[in-house]
Amino acid sequence: MATTLVIIHGLVAAALLGAVTHQTLATWVPNRAQPGSFFGRFRSVPSTSFANAIIALYAVSAILGTFVYLPFRVDVRPVLENSGHWQTLHLFDIKEHFVAIGSALPPARWVCWRQPRADDPPRACAALTSILTFTVWSSFLIGHVTNNIKGFGS
Amino acid sequence: MTSSNSFRRFAFAFGTAFAVVYVLALVQNLALITVYPTLGIVVLGMQHAQDAAPSMGGVPAMHWYGWTATAALGAFMLGLIAAFSPERLTRWIWMGWVWVAPVSAMIACVCLTMPWLHL
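Quick mapping for you: the protein sequence lines, in order, are chains E and F. Here the working numbering is used: the first residue of the first sequence is 55, the next is one more, and so on. Here the working numbering is used: the first residue of the second sequence is 73, the next is one more, and so on.
Just so you know, the hints here were simulated from the structure itself, not pulled from any lab data. Errors might be hidden in some of the hints.
[Unchecked claim] One side only, chain F facing chain E, incomplete, derived with CB under 7 Å: (1) 134; (2) 140; (3) 181.
Positions of the beta carbon are idealized from the N, C-alpha and C atoms, including for glycine.
This is chain E alone, in the form it adopts within the complex (with noise of 0.2 Å):
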């Protein structure tokens, strides 16, 4: 069970990443790329588009590694302490931290792409994206790293 929800896991990271990145992109590359070009093309996808379907696939990854989380705890964690992958460990805790702080930023991201005013602070929507993404590339790299753990200097 634990196994299935971690693929399901890496799976909806998986997307979030390419639609996190996505907006991310686009919205720090300059307009100025040729319209037939890839990031012509690139840049011609709306960034808003992205954004209910971020705010998903964030909410639906961290409930999954909340879910996760627990065998990690009992099954997991207990071997790789023994077998002193502290590093790993301490990364990991990281990771939480980085989750939980970004699972608080999608409102107001909605709200920054969705109903934006001329009086909101300049960038503030790219900032908020490029912190996502961030919490996302790091999280899924840790959490790879973790889940291969064994495979690493082994």
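We have chain E already, so just place chain F on it with the hints.
This is chain F only, laid out in the frame that chain E set:
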């Protein structure tokens, strides 16, 4: 339009306050709940591993859920206060805190973990 403005204030206050309260909860060990996964129980407040089943030498205790719950509750209350406050009172608050606070909180979390990280 009014409800939209209220939700906007709630969303910005919630995102900002969550980051601040989370770090405070982490530093001060203010976990709303403690989960003992091997026993399958949840207890209120911050409990330590040795507090449960001491004859067995203690069992694993999880505090992350408690820190998150503390931050969510605190941020929700502050968000509600912001949502129902008159706009003239909240207008002077810089909205950029909504991204400065999470970035600062993430740096603080890394610094708090660094003594044990030894990279």
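Mind listing which of the numbered hints don't hold for this structure, in increasing order? Result: no hint breaks.
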